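Required output: the full structure, derived from the provided sequences and hints.
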Amino acid sequence: MKIDSTRPKAHAPVVAGMPAADTPPSPLEINGLTVSYGDTPAVNDVSVAFRSGAMTAIIGPNGAGKSTLLKSALGIVAPLSGQVTCWGRPLARQRHRIAYVPQRAAIDWEFPARALDVVLMGMYRELGLLRRVRAPHLARAMSCLARVGMEDFADRQIGRLSGGQQQRVFLARALAQGADLYMLDEPLAGVDAATERAIIAVLKQIVAEGGTVIAVHHDLATVPGYFDRVFLMNAHAIAEGPVATAFSRENLDLAYGGRLAPDPAGAAGARDAL
Amino acid sequence: MAGVWRRTRPGQRARAMLSEALFLQLGYNATLVTIGAALLGVAAGVTGVFLVLGKRALVSDAVSHATLPGIGLAFIAMVMAGGDGRALPGLLLGAAASAGVGLLGVSWLTRRTRLGEDAAIGAVLSVFFGAGVVLLTVIQTMTAGRQAGLETFLLGSTAGMLRSDALVIALAGALVLGLVLALRRPMTLAAFDPDFAIAQGLNVRRIELAAMGLAMAITVIGLKIVGLILIVALLIIPPVAARFWSDRVDHVLALSGLFGGISGYGGAALSATAPGLPTGPLIVLLAFAIFALSLLAAPRRGVLATLMRRRRAGAPGAGGR
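Protein chains in written order, with our numbering: chain A, 1 to 274; chain B, 1 to 321.
No wet-lab data here; the hints were simulated from the structure. Take the hints with a grain of salt, since some may be wrong.
Claimed, not checked - Listed below are the simulated EDC-like cross-link pairs for lysine to aspartate or glutamate, each with C-alpha atoms no more than 20 angstroms apart in a straight line: (1) B:Lys55 to B:Asp118; (2) B:Lys55 to A:Asp108; (3) B:Lys55 to A:Glu110; (4) B:Lys55 to B:Glu151.
Unchecked claim - Incomplete in silico selection of chain B near chain A, CB under 10 angstroms: (5) Ala197; (6) Ile198; (7) Ala199; (8) Arg310.
In this text the structure is predicted, and so the values were computed from the model without any measurement. Cβ atoms here follow ideal geometry from the backbone N, Cα and C, with glycine treated the same way.
Laid out in structure tokens, this is it:
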């Protein structure tokens with residue numbers, strides 16, 4: 001349960017679209033991953049290497065297996081087949097470098113935990129079983145809350161926060177882990193505009209500091225503004241690349257089955273179609 | 001309030017007995033038993049927090065009822081081996097074994113069949129308890145003659161408890177308490193956000209099994225004092241009462257331990273004041289009194305606080321979420 005605080009910090013940011021030869025090892029490389037709920041495969045033979053130092057959106061229609069891809073990559077859902085490596089090594093040895101922000105749906109909001117307690121949960125790995133939470137830990141947790149603009153709500157029980165505030169607290173918990181790779185499952189689903197701005201600002205800051213962000217995203221209209229790269233999928237992988245090239249009409253038609261009428265960049269109706 | 005107390009107060013002599021019991025002046029054995037009950041209460045209260053937070057409270061009810069056939073079988077085995085059938089460590093081992101089988105049964109039925117956990121609990125609870133009652137009936141007809149006292153495991157009794165029994169209970173309770181405190185962080189994480197816990201590298205399935213195993217240990221340890229029918233109350237009521245007072249897991253843990261400890265201590269002391277007073281029900285009634293007080297008087301979450309907030313807000317139903 002102990003973390004190696006002397007581990008090397010993340011790699012320098014990479015300009016999207018650089019030749020593969022110059023890129024550092026992928027923080028998350030998935031090979032031939034297949035996951036099935038019952039008879040239908042939710043994720044079908046997906047192979048993708050996410051780029052280090054980039055902010056990548058995973059997009060695709062409802063039921064395309066986007067959340068399942070993240071969950072199975074982290075071992076939360078057992079895959080039928082496939083391998084996952086992080087920075088070229090097995091996931092199990094790199095978990096301390098990965099922060100996961102799950103969907104909020106599964107949380108028991110009556111749980112006796114304040115916003116500050118939730119952020120401290122991000123440090124449990126570092127605290128181990130028995131070490132006491134001391135002033136430096138609390139200070140770090142508070143600074144993580146401050147980064148998402150939630151420091152005034154540290155003492156509020158988690159269920160008495162709004163949806164957007166809850167989402168920011170979960171992002172603060174991920175920050176408290178001090179990770180190099182952030183994996184977020186629909187971080188902007190059902191949040192208010194202020195929260196959306198705050199979350200995107202923090203994610204961009206993570207990338208600017210050399211971290212990597214992978215987020216399941218549902219609002220096509222905001223993809224070009226928020227993300228460097230996209231990964232399109234619909235059970236199987238369709239394309240991964242810089243927004244400028246991979247976020248194309250052709251790829252979107254492949255992912256959404258031609259059901260999306262509007263132009264991807266600045267599409268007004270995209271939100272409704274999903 | 002004071003008037004009610006005065007009317008229901010027992011007589012002078014009983015009152016003297018009670019104060020003697022509460023201040024541990026009823027002799028060495030009674031004192032040891034009372035301390036054992038208090039420690040059991042603390043351990044049960046703390047362990048129960050994770051049972052309640054993990055929404056597995058009723059599984060422990062199935063587990064506690066599943067101890068009965070183990071008690072009966074252990075008794076028969078010890079008598080047939082030529083020993084004293086009432087040796088507590090042997091009986092507890094038997095109880096733990098059959099409780100473990102019951103726990104695995106609930107978990108297997110839930111995962112491998114279409115039965116929900118509630119149906120699995122109902123099935124295991126009734127079948128094991130039925131089997132246990134049959135075994136006890138069989139034991140009554142045995143010529144061993146020393147069967148006296150097995151039925152005290154149903155409702156608990158401190159009468160005639162041996163010094164070594166109290167010591168076993170106190171030590172095992174302390175051990176479980178230590179383990180729960182050591183595992184509090186993983187168990188908190190697994191109960192609050194299992195997906196996040198797995199992503200952190202925790203084996204959530206194993207943690208949940210450990211939480212259930214510790215609750216099972218409390219059940220077995222508490223058999224002699226509280227009894228198998230009511231032990232679930234000592235696991236559930238203190239955490240639920242504690243939850244009224246705090247929004248922090250660590251505070252809920254401390255309060256729940258305190259409430260459980262008070263219940264165990266007070267119940268055991270009360271039952272020592274008169275012969276035939278059942279220990280388990282007294283402990284549970286005390287725990288319930290603490291719960292009722294919490295329900296009414298806790299700040300913010302209590303009924304009175306909620307009523308006052310609504311009155312101040314001017315509209316009924318204007319409380320928070």
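**Prompt:** Under the criterion that the straight-line Cα-Cα distance not exceed 20 angstroms, is the pair B:Lys55, A:Asp108 satisfied?
**Reply:** holds, 10 angstroms
**Request:** Classify the hint on B:Ala199 as holds or violated, based on whether any CB of chain A lies nearer than 10 angstroms to its CB.
**Result:** Holds: closest Cβ of chain A sits about 4 angstroms from B:Ala199, inside 10 angstroms.
**Message:** Using the nearest Cβ pair, does B:Arg310 come within less than 10 angstroms of chain A?
**Reply:** violated, 16 angstroms
**Request:** Against chain A, run the beta carbon of B:Ile198 and see if the smallest gap drops under 10 angstroms.
**Result:** B:Ile198 check passes; min Cβ-Cβ to chain A is 5 angstroms, inside 10 angstroms.
**Item:** B:Lys55 paired with A:Glu110 [C-alpha distance capped at 20 angstroms]
**Value:** Satisfied, since the Cα-Cα distance of roughly 12 angstroms is no more than 20 angstroms.
**Prompt:** Is B:Lys55 within 20 angstroms of B:Asp118, Cα to Cα?
**Reply:** Roughly 12 angstroms between the alpha carbons, so the hint for B:Lys55 and B:Asp118 holds.
**Message:** Under 10 angstroms is the threshold here; is the Cβ of B:Ala197 close enough to any Cβ of chain A for the hint to stand?
**Reply:** Interface hint status for B:Ala197: holds (9 angstroms vs cutoff 10 angstroms).
**Message:** Check whether the Cα positions of B:Lys55 and B:Glu151 lie no farther apart than 20 angstroms.
**Reply:** violated, 30 angstroms
Of the numbered hints listed earlier, those contradicted by the structure are 4, 8.
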